[in-house]
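Asks: What follows is the residue order along each chain.
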Amino acid sequence: MLSGWLFNVCFFLSVLAARTVALHAEQFDEELTLRPLRDGKLAARFSFTTLLKGVAPRNPERLDEDDDSQHYTLFPLALGQILREYAVTEMHLTLNAGNWAYDRWGYPDDLGVSTGAELWAWMGEGGPVTVDDRWKGLRNALAGLFCASLGSLDEQRTTSPALTFQPEGSLPRWNASHQLRHATLPSEHVCTENLTPFLKLLPCKARSGVAMLLNPHRLFDADWHGLGVHVRYLDAGVEVRLAFQAVFDPVRLSSDKRRDWSLRSVFDRTIDRACPVARSSEVRVELLPDSAYAITPDPSEIDGNRATYAVKDRTEPLDVAMRWPGEEAFQYPIEAAPLSPLSVRRTLKGSSQSDAQLSVVIRNNLPVQVRSSYLETMPWLVEFYLHTLHADIGGVPRDDLVSVISYTAPVPHTRPTLFQAILTLPPKTTLHLTMDVTKTFLRYTEHPPDAQRGWDLPPAVLIPFDFGEDPIQNHTTSPGTSAKYARPARPRRIYTSVLLVDLATPDFSMPYNVIIMSCTLIALIFGSVFNLLTRKFVLVRLDGDSAEQKPDVK
Amino acid sequence: MDFRLAFPALVAGRLLLAYTSLPDVLKNDHQLSSPLTSYSRLQEGVYLFQQGFDPYSGGPFRHSPLLLSVFSTVFPLTRFTSPILWTACDAVAAWALVRIWRARQNIAGSMRDTLVAASYLLNPYIFLPSLAFSTSSIENALCLTSLMFACQGRSSAALMALALLTHLSLPSILLLFPVSLLLLTDPFSHLAFPRPFVARIPSLPPLLAEFTAYFLGLCAAATLLCGNTTWVEKTWGAFLLLPDLTPNPGLWWYFFTEMFDHFRPFFLMVFSVHLLIYALPLCIKYQHDGVYATYLLLGVLATFKAYPTLSDPGLFLSMSALFPETYPYLRHPIVTTLLHLHASLLLPLFHNLWLTQGTGNANFFYASTLVFGMANGAALLDAMWAGLRVAIGEMRGECEVAQE
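Sequence order for the protein chains is A and B.
Using our numbering, read the first sequence as starting at 4 and increasing by one per residue.
Using our numbering, read the second sequence as starting at 8 and increasing by one per residue.
Next comes chain A alone, as it looks inside the complex (with noise of 0.2 Å):
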């Protein structure tokens, strides 16, 4: 009776987890892709994709009744937690190091590459809770996850720049609209505290699976490097893709200067085996079609100019190497021509600590008119003068390139400045943008530790997006590079490397020594003012004893 009984409530147990777990599918899969560069370097990128079937992001209207529990077995909770916590839809966070050369290394694989932390998030409106005050939680949790200083990504920093930092995913239909906060802190690092709590989140950890090569102490001599963590809502359920970025330089790893890489001299280790619950595990090694290279062991399959390994099927641990048999010594391509549409220069001109002059060059490789929008994020550190944004191109004044389409002014110890322009730029040409600014004069509290250094302004997004017709392409018999870029599958964006710029400080040890200065100042004048407008005057006789006073003056 009793056991029936047990085997009852069992059974009924048994098949609500089942439920449950039919209710979340989760699947997970993870990828490296390795590029050898036109320079001699790799580029790798591991992307770990778990994707939760059938759920939607917590729609911030319901904040305040109970959420749905969370049973996750491969989505990572404490991420999942603060997806819930604060109803985030989207979310992009990136922490990198180094800049990325688009002219030598074409677009990365994962967009962002913006130098220091950036966090972007997409969040519905409504509810008890405002956006910005969720914005908050969600960057002070971020910041205790990956031990990061996102905390610093305060008011001061956030803008909403929703034209170029549009939603990956799809947005829930919800009663509200949805909105974008974007913050970076271009003085931020990654480094090994990032990198553990980043693994944490992984469900094989770095024990097996592609996962075992992010050896941080190869990580972090990497030329650029970079990992980041992007959720989205697609229609199958919300997707976490955890990425590490680094382009490595085998030159300076070998000894006789060949580009000869393996997995084991690049990271040091070799995939020993396969995490038992991804849905696939691949290698994938992007291969120059211009090279004799040969490549070991033998891909499971190529396709085109990718070959690809298949983790899961091989049985003795995985090291891919690729050897360029026939060079002595890598030669770096002198003159080759840049692998993105535009390259852009941006500069901070002028030695004084007050004024400065903001240039931007942008050069269009392609030979056809590209439109592309234009965004600076500034902190109010520097101010804009609007009036004196001035385009020429070869000396020529061309203000009519530049159309600007928002802007929001800075408020000192409280807003950064957001710039939004459009800049139409002819074929093969060169653009200069100048803008002169104004440095700013801060508290001495405001200062950071060390204030001489001076304060990292965050880079400018580009966005080429409108590729004009070739009027020579038709007529040529190879489609060169033009054709190449000419329609895109989605916009990309470019960043610009991070500036530096110099405030005057003022003298950290003078606090209590201007009070007292400033004071005693006043207090002299003061004094002295009403002692000559309180007292009376009176005739003092020198040489008599007795005084003669003669009132005067009331």
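I should point out that these hints are in silico values taken from the structure, not numbers from a laboratory.
Take these hints with a grain of salt, some might be off.
Claimed, not checked - Sample of chain B residues facing chain A (criterion: CB under 8 Å; computed from the structure):
hint, residue
1, S64
2, G65
3, P254
4, L258
5, Y261
6, F262
7, D268
8, Y285
9, T310
10, W361
11, A369
12, G380
13, L388
14, E405
15, A409
Unchecked claim - Derived CB-CB ranges, DEER-like:
hint, chain 1, residue 1, chain 2, residue 2, range
16, A, L527, B, F204, 23 to 33 Å
17, B, R271, A, G57, 45 to 55 Å
18, B, L231, A, S406, 21 to 31 Å
Note that the structure is a prediction, hence the values are computed from the model and not measured.
By construction, the Cβ of each residue, glycine as well, lies at the ideal position given by its N, Cα and C atoms.
Starting from the known structure of chain A, arrange chain B on it as the hints suggest.
Replies: For chain B alone, kept in the frame of chain A given last:
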């Protein structure tokens, strides 16, 4: 020299200077224009307004909406028109100074007219800010115009000019006390023969009411122009809250750069209230001479107001040309002159060393602003002493004047 010849010559010389490249060099100088009077920021505000952005949504633009409307419609700011306007402001101010002098002496013209005009037009503290197209030149012109009308007994015009001035620069509201004193009495010099103020108290409220009406009218016009009241916080609020810590020759900026955050509101209150303290006592003590009371209060404002430029002390120093009767009784004129000379050499030098050369630090410039504050204070005290001392007259025998 004949005034009718000298005045146009001085103005023409000023105009020619304004058409050289000097303004481009000077226009961003922190000593000549503050964030509230800067020409670049005015241009920026006009540009934003014309492009359809609200110039008062951000921090860079802090000029009055009235200036914004004038310069975005009837008077475009270009490299050709600006020198004309700023020279005209100086000419009007100098002309008003001469008229004040004549009204004070009750004469139609004198040999001193040229000297009085030159004391304004050739004062480097006045013409350098004017060459930098600082809107403090407009404020000075309004101030002297208001005083001129008050001397001529034209109360409505004087109060209108004062309301405009107050609208452009909030601390100038303190001038309402001496200007209404002047309107109730006469402009003649009574320093040597002081007499108590004959109370005509019942005629005071209509004056104040008229000023309030003008002032509210201007506020309403400004609010209509902007469509909202954010301009109040951005323009007048800056005088009280000091959001922009750009260096200037005054005493506030470094004090509040170095201020502990939790004491900031307290000291902002103290510094603002401190300015208020002087107005009434000065008016009571110098009740026999409204022009002199205005002059002294301008000296106080030049020393202690929130965003001063060199043209504020310049106005005070130029106005001293109106009171030759006090010159023999200045207590330490040489010390004051040397202090001013010292400060005017140190200010540009240390500003350059700190911000351009990078070889000095902020304390260099702060120290020179202290010297400048000392010089302004010494000039003020000198003028106060002489204004009272002149009543006793020349001393004969072994007597000395002292204070009880």
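Asks: Does A369 (chain B) pass the interface hint, meaning its C-beta sits closer than 8 Å to a C-beta of chain A?
Replies: holds, 5 Å
Asks: For the range 23 to 33 Å, tell me whether the beta carbons of L527 (chain A) and F204 (chain B) fit it or not.
Replies: holds, 30 Å
Asks: Can you verify the interface hint for F262 (chain B): is its Cβ closer than 8 Å to any Cβ in chain A?
Replies: Where the cut-off is 8 Å and the nearest Cβ of chain A is about 5 Å from F262 (chain B), the hint holds.
Asks: Does the closest beta carbon of chain A sit nearer than 8 Å to the beta carbon of Y261 (chain B)?
Replies: Nearest chain A Cβ about 6 Å off; hint holds.
Asks: Hold the hint about W361 (chain B) up to the distance rule: shortest CB distance to chain A must be less than 8 Å.
Replies: holds, 7 Å
Asks: With a cut-off of 8 Å, does the beta carbon of Y285 (chain B) approach a beta carbon of chain A closely enough for the hint to hold?
Replies: holds, 7 Å
Asks: Take the shortest C-beta to C-beta distance between D268 (chain B) and chain A; is it under 8 Å?
Replies: holds, 6 Å
Asks: Within 45 to 55 Å: is that where the Cβ-Cβ distance between R271 (chain B) and G57 (chain A) falls?
Replies: holds, 54 Å
Asks: A closest beta-carbon separation below 8 Å is what the hint needs, so does G380 (chain B) meet it against chain A?
Replies: holds, 5 Å
Asks: Verify the interface restraint on L258 (chain B): the C-beta must sit less than 8 Å from at least one C-beta of chain A.
Replies: holds, 6 Å
Asks: If you take the shortest Cβ to Cβ gap from T310 (chain B) to chain A, is it below 8 Å?
Replies: Hint holds; T310 (chain B) Cβ to chain A Cβ min 7 Å, cut 8 Å.
Asks: Have a go at the P254 (chain B) hint: is there a Cβ in chain A nearer than 8 Å to its own Cβ?
Replies: At about 7 Å, which falls below the 8 Å cut-off, the nearest Cβ of chain A leaves the hint on P254 (chain B) intact, so it holds.
The structure shown violates none of the earlier numbered hints.
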